[in-house]
Amino acid sequence: KNQVEQSPQSLIILEGKNCTLQCNYTVSPFSNLRWYKQDTGRGPVSLTIMTFSENTKSNGRYTATLDADTKQSSLHITASQLSDSASYICVVTPYGNKLVFGAGTILRVKS
Amino acid sequence: GAVVSQHPSRVICKSGTSVKIECRSLDFQATTMFWYRQFPKQSLMLMATSNEGSKATYEQGVEKDKFLINHASLTLSTLTVTSAHPEDSSFYICSADDRDRYNEQFFGPGTRLTVL
Numbered sequence: 061k062n063q064v065e066q067s068p069q070s071l072i073i074l075e076g077k078n079c080t081l082q083c084n085y086t087v088s089p090f091s092n093l094r095w096y097k098q099d100t101g102r103g104p105v106s107l108t109i110m111t112f113s114e115n116t117k118s119n120g121r122y123t124a125t126l127d128a129d130t131k132q133s134s135l136h137i138t139a140s141q142l143s144d145s146a147s148y149i150c151v152v153t154p155y156g157n158k159l160v161f162g163a164g165t166i167l168r169v170k171s
Numbered sequence: 022g023a024v025v026s027q028h029p030s031r032v033i034c035k036s037g038t039s040v041k042i043e044c045r046s047l048d049f050q051a052t053t054m055f056w057y058r059q060f061p062k063q064s065l066m067l068m069a070t071s072n073e074g075s076k077a078t079y080e081q082g083v084e085k086d087k088f089l090i091n092h093a094s095l096t097l098s099t100l101t102v103t104s105a106h107p108e109d110s111s112f113y114i115c116s117a118d119d120r121d122r123y124n125e126q127f128f129g130p131g132t133r134l135t136v137l
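Going line by line, the protein sequences match chains A and B. Start counting the first sequence at 61; every next residue gets the next number (our numbering). Start counting the second sequence at 22; every next residue gets the next number (our numbering).
Derived from the structure by calculation, the hints contain no laboratory data. Treat the hints loosely; a few may be bogus.
[Claimed, not checked] In silico lysine-lysine, DSSO-like type, Cα no more than 30 Å apart, as pairs: (1) B:Lys62 <-> A:Lys158; (2) A:Lys61 <-> B:Lys41; (3) B:Lys62 <-> A:Lys61; (4) A:Lys158 <-> B:Lys41; (5) A:Lys77 <-> B:Lys76; (6) B:Lys62 <-> A:Lys131; (7) A:Lys170 <-> B:Lys41; (8) A:Lys61 <-> A:Lys158; (9) B:Lys62 <-> B:Lys35.
[Stated by the list, open to error] In silico contact screen, one side only, chain A against chain B (beta carbon under 7 Å); selected entries: (10) Ala139; (11) Ala163; (12) Gly164.
[Claimed, not checked] Label-pair ranges, simulated between beta-carbon atoms: (13) B:Cys34 <-> A:Ala139: 23 to 33 Å; (14) B:Leu89 <-> A:Ile72: 26 to 36 Å; (15) A:Phe112 <-> B:Asn72: 34 to 44 Å; (16) B:Thr103 <-> A:Phe112: 40 to 50 Å; (17) B:Leu97 <-> A:Asn62: 26 to 36 Å.
The beta carbon of each residue, even a glycine, is placed where N, CA and C say it ideally should be.
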């Protein structure tokens with residue numbers, strides 16, 4: 061069964077600190093892995109998208125890594141800001157276009 | 022680019038009424054659009070896949086007669102919640118496939134439906 065598991069479920073950090081969110085998946089084969097940021101009451105916004113052959117992708121202070129051998133991905137946020145408080149969702153796409161969603165990690169950045 | 026809009030952003034209705042939600046891809050053509058439902062603190066749940074000019078494909082457990090989907094053009098899909106009940110209250114999100122960008126999906130901002 062295609063599954064995507066994320067950890068931790070929630071995380072609180074101080075403004076300016078770094079953090080890393082984890083994503084493990086069983087989807088195989090897959091065409092791409094994406095990280096989305098979802099603010100409360102809003103739709104998800106794409107942060108990064110990686111094919112199975114890519115190891116890392118950056119978008120400003122966000123850096124995603126992918127290890128297709130161990131089926132793990134991480135999202136690293138550098139120098140966190142209050143506006144980073146949101147839910148971060150890992151999404152894997154099997155071949156075809158139906159996405160497999162993780163449950164998300166709720167990040168709260170405190171001042 | 023790649024903007025998806027939804028209208029309305031928020032709607033409150035009485036039980037038994039029908040509510041229509043629009044999803045538009047503003048600057049690209051989407052052969053496929055998806056409708057999701059999200060309950061508080063849960064991830065998105067796919068309800069149906071909508072292809073332009075053909076009938077929508079519904080996920081298991083989703084009533085097609087209750088959630089009517091129309092995808093009349095390459096930029097517009099609508100979801101109509103018929104005879105809405107309080108348990109239909111949820112956050113409804115659409116996404117659109119950009120066929121020119123390796124089928125990357127772009128999400129709309131969501132519609133908060135509250136049924137009294």
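To see whether the hints hold, each was checked on the structure:
With a CA separation close to 21 Å, the supplied pair lysine 62 of chain B and lysine 158 of chain A stays within the 30 Å bound. For the proposed pair lysine 61 of chain A and lysine 41 of chain B, the alpha carbon gap of about 34 Å is over 30 Å, so the pair is violated. Distance check on the hinted pair: lysine 62 of chain B and lysine 61 of chain A sit about 23 Å apart at the alpha-carbon level, within 30 Å; holds. Note on lysine 158 of chain A and lysine 41 of chain B: the hinted pairing holds, with a Cα-Cα distance of about 24 Å set against a maximum of 30 Å.
Pair hint lysine 77 of chain A plus lysine 76 of chain B does not hold up; C-alpha atoms about 49 Å apart against a cutoff of 30 Å. Of the pairs offered as hints, the one joining lysine 62 of chain B and lysine 131 of chain A holds, with about 25 Å between alpha carbons and a cut-off of 30 Å not exceeded. For a cut-off of 30 Å, the pair hint linking lysine 170 of chain A to lysine 41 of chain B is broken: about 39 Å separates their Cα positions. Annotation: proposed proximity of lysine 61 of chain A to lysine 158 of chain A holds, straight-line Cα distance about 14 Å (limit 30 Å).
Taken as a hint, the lysine 62 of chain B and lysine 35 of chain B pair is honoured in the structure, with Cα atoms around 25 Å apart against an allowance of 30 Å. This hint is violated: alanine 139 of chain A has a C-beta 26 Å from the nearest C-beta of chain B, more than the 7 Å allowed. For alanine 163 of chain A, the interface hint holds, since its Cβ comes within 7 Å of a Cβ in chain B; the closest pair sits about 5 Å apart. Look at glycine 164 of chain A: its Cβ gets to within about 6 Å of chain B, closer than 7 Å, so that hint holds up.
Restraint check, cysteine 34 of chain B to alanine 139 of chain A: a C-beta distance of roughly 44 Å breaks the suggested window 23 to 33 Å. Checked against the given bound of 26 to 36 Å, the beta carbons of leucine 89 of chain B and isoleucine 72 of chain A, roughly 42 Å apart, lie outside it. Checked against the hint of 34 to 44 Å, the pair phenylalanine 112 of chain A and asparagine 72 of chain B fails, with Cβ atoms roughly 26 Å apart. Between threonine 103 of chain B and phenylalanine 112 of chain A the Cβ separation comes to about 41 Å, which falls inside the hinted range of 40 to 50 Å.
Separated by about 30 Å at the C-beta atoms, leucine 97 of chain B and asparagine 62 of chain A satisfy the suggested range of 26 to 36 Å.
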